[in-house]
Structures are given as structure tokens and as C-alpha cells.
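2 protein chains.
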Amino acid sequence: MNKLIEKVDKALDEYLEIKYPEDIFKSMKYTVTLPGKRLRPVMCLEACRIFGGNMDDALPTACAIEMLHAQSLIHDDLPCMDNDDFRRGKPSNHKVFGEAVAVLAGDALLSYAPQLIIEKSKNLSSETLIKVLLEFTKTAGAYGLIAGQVVDIESENKGIKNPEVLDFIHTHKTADLFRLSLKAGAIIAGADNNALDEMDNLAQKFGLAFQIYDDILDEISSFEEMGKTVGKDKNSNKLTYVSLYGLEESEKKLNILFNEVYDIINKYNSDILKTIVDNMKKKLEKNGG
Amino acid sequence: MNKLIEKVDKALDEYLEIKYPEDIFKSMKYTVTLPGKRLRPVMCLEACRIFGGNMDDALPTACAIEMLHAQSLIHDDLPCMDNDDFRRGKPSNHKVFGEAVAVLAGDALLSYAPQLIIEKSKNLSSETLIKVLLEFTKTAGAYGLIAGQVVDIESENKGIKNPEVLDFIHTHKTADLFRLSLKAGAIIAGADNNALDEMDNLAQKFGLAFQIYDDILDEISSFEEMGKTVGKDKNSNKLTYVSLYGLEESEKKLNILFNEVYDIINKYNSDILKTIVDNMKKKLEKNGG
Numbered sequence: 001m002n003k004l005i006e007k008v009d010k011a012l013d014e015y016l017e018i019k020y021p022e023d024i025f026k027s028m029k030y031t032v033t034l035p036g037k038r039l040r041p042v043m044c045l046e047a048c049r050i051f052g053g054n055m056d057d058a059l060p061t062a063c064a065i066e067m068l069h070a071q072s073l074i075h076d077d078l079p080c081m082d083n084d085d086f087r088r089g090k091p092s093n094h095k096v097f098g099e100a101v102a103v104l105a106g107d108a109l110l111s112y113a114p115q116l117i118i119e120k121s122k123n124l125s126s127e128t129l130i131k132v133l134l135e136f137t138k139t140a141g142a143y144g145l146i147a148g149q150v151v152d153i154e155s156e157n158k159g160i161k162n163p164e165v166l167d168f169i170h171t172h173k174t175a176d177l178f179r180l181s182l183k184a185g186a187i188i189a190g191a192d193n194n195a196l197d198e199m200d201n202l203a204q205k206f207g208l209a210f211q212i213y214d215d216i217l218d219e220i221s222s223f224e225e226m227g228k229t230v231g232k233d234k235n236s237n238k239l240t241y242v243s244l245y246g247l248e249e250s251e252k253k254l255n256i257l258f259n260e261v262y263d264i265i266n267k268y269n270s271d272i273l274k275t276i277v278d279n280m281k282k283k284l285e286k287n288g289g
Numbered sequence: 001m002n003k004l005i006e007k008v009d010k011a012l013d014e015y016l017e018i019k020y021p022e023d024i025f026k027s028m029k030y031t032v033t034l035p036g037k038r039l040r041p042v043m044c045l046e047a048c049r050i051f052g053g054n055m056d057d058a059l060p061t062a063c064a065i066e067m068l069h070a071q072s073l074i075h076d077d078l079p080c081m082d083n084d085d086f087r088r089g090k091p092s093n094h095k096v097f098g099e100a101v102a103v104l105a106g107d108a109l110l111s112y113a114p115q116l117i118i119e120k121s122k123n124l125s126s127e128t129l130i131k132v133l134l135e136f137t138k139t140a141g142a143y144g145l146i147a148g149q150v151v152d153i154e155s156e157n158k159g160i161k162n163p164e165v166l167d168f169i170h171t172h173k174t175a176d177l178f179r180l181s182l183k184a185g186a187i188i189a190g191a192d193n194n195a196l197d198e199m200d201n202l203a204q205k206f207g208l209a210f211q212i213y214d215d216i217l218d219e220i221s222s223f224e225e226m227g228k229t230v231g232k233d234k235n236s237n238k239l240t241y242v243s244l245y246g247l248e249e250s251e252k253k254l255n256i257l258f259n260e261v262y263d264i265i266n267k268y269n270s271d272i273l274k275t276i277v278d279n280m281k282k283k284l285e286k287n288g289g
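So the sequences go chain by chain: A and B.
Number 289 marks the last residue of the first sequence (the numbering used here); no jumps.
Number 289 marks the last residue of the second sequence (the numbering used here); no jumps.
Chain A on its own, in the form it takes in the complex (with noise of 0.2 angstroms):
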């Protein structure tokens, strides 16, 4: 686990050069590289080897994905969104660059990644480069991440509270991005449209446990734990898993997905996959949920 999140780590390091205008850069950077757990990249490389292919030819789609997941989280924070000033325990990107470069960054990021992939996938074809692109440009658009973002905005706005609404959402904020990562990966190794197929419903069920894990780690955490603001969800009224089904459900429905998500896994005997699971659990168990 930790190999790969060096590999990729040193990627993105590689990948984002400071050129001129380098703000611009600087600021590309700036939120692609602040330490994370990297899940997306290490679960597209992981995709690529559980169906035989070479991790290192998934390696600049990874760190694309890392890089459109650096974007939202980005454009979110921005004031005329969900006014965040912190990410990951650092200022947010707004608040160290400015508006008007947080925005473009983000901007520049949606299409340097795509860029990257065609770049850098030396050993893919053109046939396979077009699959990877097209399932990346519909997970970053209107029908992937930001019709949950739209979506979350407006049901805020509107204080509604509906589970299909929430399901909705975090299907595309939250979801897609864990299915780009997997599918993308087994596109890359060349694997078939079933492999695709239980790809697509891995990402659905282990998207909505993260999701739900992070709604719950939002209500009984604190700062130094999660890098954000917290208890900020309960606080704007937000609509989460623990505001609408409450915190004991929340975590009975968390403990189904989290079966089910090992149910798959377990066909492809792949550990990186079962630690990101097995460190969900224990993250909870320590923080008394």
C-alpha cells in the first residue's frame, strides 16, 4: 500500500512542473500534491494488476484521476460553493492563491489530465487511450461529479431531505470517481465488459460506504482527525447519511456495503483492496463509532 502511494506520490511530483505563468502551476500543484491517502490512483493501479496488466501503464491515468479529484475538491471549497477554507489541514486553495487562480487552476487541471494520459500512456493504443478518455471526460462532467455537486447545492438551498436525492448525489460526487478509478484501470489491462460490469458495482457500493463512513467520521471526529472543518455538515443543515437515517443506522447500513464490498473483493484476492476497507473500519473503531 505504501509503495504504491510513493509511486504515484513521485508521479504527480514528476507530472506537475512549475513552468511559466507559474502561479498558475504552483497552484495546480498545490492541492494535487498536499498528503493524502491517494484511494483513486492506488485503486486504478490495483484495477490494472487484479486483471493482468502492467500497473506502470496506469500510472499517468492514475495520477490524472488524483488530478480531476484535486479539481473538484478546488472548485467545492470556493466561497461561491461550500466556502471551505481549510483541505487536508492546509489553507484551501483559494485562500493561498486567490479566486480568480483557484478557479483556473481547477480549469487547467480538467485538462491537463486528459492531456497527461495521452502524453505518458506510451504503451496504449489509440483504441484503448479513447476508451480511457471517454469514460474520464463523463465522470468529470454534467453526467458524473458535477451533476452531484449540482445537485448537493441546490438541496441545501432548498433544505430538502430524501434519500433518492442523497443516494443521487453521492452516486455522482462520490461514486463515479471510484468507478473512473476502476474501470480505467482494468480498460488499461485489457479486461472484458463483465469485469467492467462488477467494476461499475464495486464503485457504486464502496462509493457510498466511503461516503457514508465520511459523514459519520464527520459527526464524531474532530479537525486534527479529518484536515477540514468538521461537525460543518450538521451545522449548515447539510443533508448526509447521519442527518437523515441518524447515527446507528447510518452505521448498520455502512457495515452492509462494507459486507457486500468484501463479498467482491474477495474474488480478486487482492490485499490492497481489502486494507482500504480494513482501514475505514479501524479509522471508525478508533474514533468510537
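Hints in this document: simulated from the structure, not taken from any laboratory.
A hint or two may mislead.
If several chains are the same, the list does not tell them apart, and a pair holds so long as it fits within one copy or across any two.
[Stated by the list, open to error] With a Cα cut of at most 30 angstroms, we get these calculated DSSO-like pairs of lysine-lysine:
1. 37 <-> 120
2. 95 <-> 238
3. 138 <-> 10
4. 238 <-> 158
5. 37 <-> 282
6. 158 <-> 26
7. 286 <-> 120
Dock chain B against chain A, hints included.
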């Protein structure tokens, strides 16, 4: 010319369907479909024709380029950037949909544009698609449009008045989109590297001519003519060709560039490209320039 504009407008309308969540799709469509001259998509289609390609094969890419252009307008108009309330005679995107949705609509266009190129370019090989997508992503990102916008903002804040900076800004903010339009059209037609280099050269000259033309119009024309706030450049002490060289010298520079542009266009027997330049000259004369 009008037939090509209609072709582009019809395709843009078809490609931008309103789905759930409606606000984001409406916001994307609002700015993209504001009436305009569609210079960039028309140039893309015409470059494809010049080099022996079928214009219809370039239509998705031409529309994707118009979407990229609209994206840059939506984000440039935001309060944290140029803070413009009007665009093409209508309220700018964030005045209609709010800042959060306007940021997200720009983001969504940045991903939908390449998605469209992949999904709708039925006759193009994967190799050709990859070449087009690489030009597209480089132009959209920190090596293209965004480099220009960042230096534009920073030079304004610092009150820099420097010809190299001004040329850098508009090489990227203005010429790069024309470069993408001409080169993508030529790539789709299967043009050789010499042809691509000449399109590069044409785009650079046309792009700078277009910006000087725009700066002169901002100085001499009215809100009704421009459809956006005019005289703003002067008021905000913005670095423009007119503020740096004065009106007369700018007009001289523009005429030299126009002649160089005509010289290249004449080689290709393109009534469309000639008409675009003729119309710019006529508009300046009409406004007393």
C-alpha cells in the same frame, strides 16, 4: 458563411440536450447558444474543407471548440475575474444562474467538449481523434488559454505595460483558440505537417489582428455594437494594444497583420476566411476606425 453558421448553431442545439439536473445543462447551453459569429467553428470547418476533408467530419470538433470558447467567457466574466455583467448583449452566465452553477457549467463544458469529439466523430480513426484531443487539451489548459488569462489578470493587478507581456497574453487568450480551430480542421482532413505549420502561422497573425481589432472597437464603439460593457479596458487601466501604442499606431499594426493574413488565405482560395477578414475591416470602417 451564413450557411456554415446555421449548420453550427443547429448542431450546438442538438448536442446540448437539457437533462437532469436541468440547471447545469441550461447554464451550459445559455452561453454556448448566445447568438454569435461562430468564427472559431466556421474556421475549423473551412480548414477541413481546404485540405480536402468532409466538413461534417469536423462538425463535432468545431462545436466542441465553440463550447471551449464559451467556457472561457463564463469563467472570465465571474466576479473574481473580470466581473462582467453582460456578454453578447445578455446578462452573463453567473447573473442568470448564480456563481456556483456558472463555475460548474464552465467545468462541465471543459469535459463535455472532448466527450462530444469522441462520441460524435463517427468517421474518424482513434489515431486522428487522439491528435485532435491532444491539441484540444493543450489549448484549453495552462499551456494555452489559461496561461493567457493568468498573465492578463496579474499584469492588470501589477499595472504592467510591456509589449512582450501583451503579446504573450493574446497569443494564448486569443490566437490559441484560432490555432486549435484551424489545426484541428486540418488534422481531421489528414493534412501534412507543412500545412499544420502554415495554419499555426495563420492563427498567430489572425489572432493578434483579432485582438487589436477588438481593442480598437472597445475604444471607438458603443454597448449596442459590442453587446458587452465598453470603454471598460480604459477605465480599468487594462493593458491593451490601444493603451500601449495609441489608436493610430494600433490601426497601422492591424493593417499590416490583415495584409499578411490575406497573403496566406489567398493561397488556399477560401472565400470564407477572406469574408471573415473583410467583415472585420468593414465593421471598423462603419465605426469610424
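Results for each hint:
1. Only within a single protomer do residue 37 and residue 120 lie at most 30 angstroms apart by alpha-carbon distance; the minimum there is 23 angstroms, versus 37 angstroms between protomers.
2. When the C-alpha separation of residue 95 and residue 238 is checked against a cutoff of 30 angstroms, the pair qualifies both within a copy, at 23 angstroms, and between copies, at 25 angstroms.
3. In this assembly of identical chains, residue 138 and residue 10 lie within 30 angstroms of each other by CA distance both inside one copy and across copies; the values are 27 angstroms within and 23 angstroms between.
4. In this assembly of identical chains, the alpha carbons of residue 238 and residue 158 lie at most 30 angstroms apart only when taken from the same copy (10 angstroms versus 40 angstroms across copies).
5. In this assembly of identical chains, the alpha carbons of residue 37 and residue 282 lie at most 30 angstroms apart only when taken from the same copy (15 angstroms versus 59 angstroms across copies).
6. With identical chains, the CA atoms of residue 158 and residue 26 are at most 30 angstroms apart between copies only, with a shortest distance of 19 angstroms across copies and 37 angstroms within one.
7. Taking the shortest Cα distances, residue 286 and residue 120 never come within 30 angstroms of each other, neither inside one copy (40 angstroms) nor across copies (51 angstroms).
The structure shown violates just one earlier hint, number 7.
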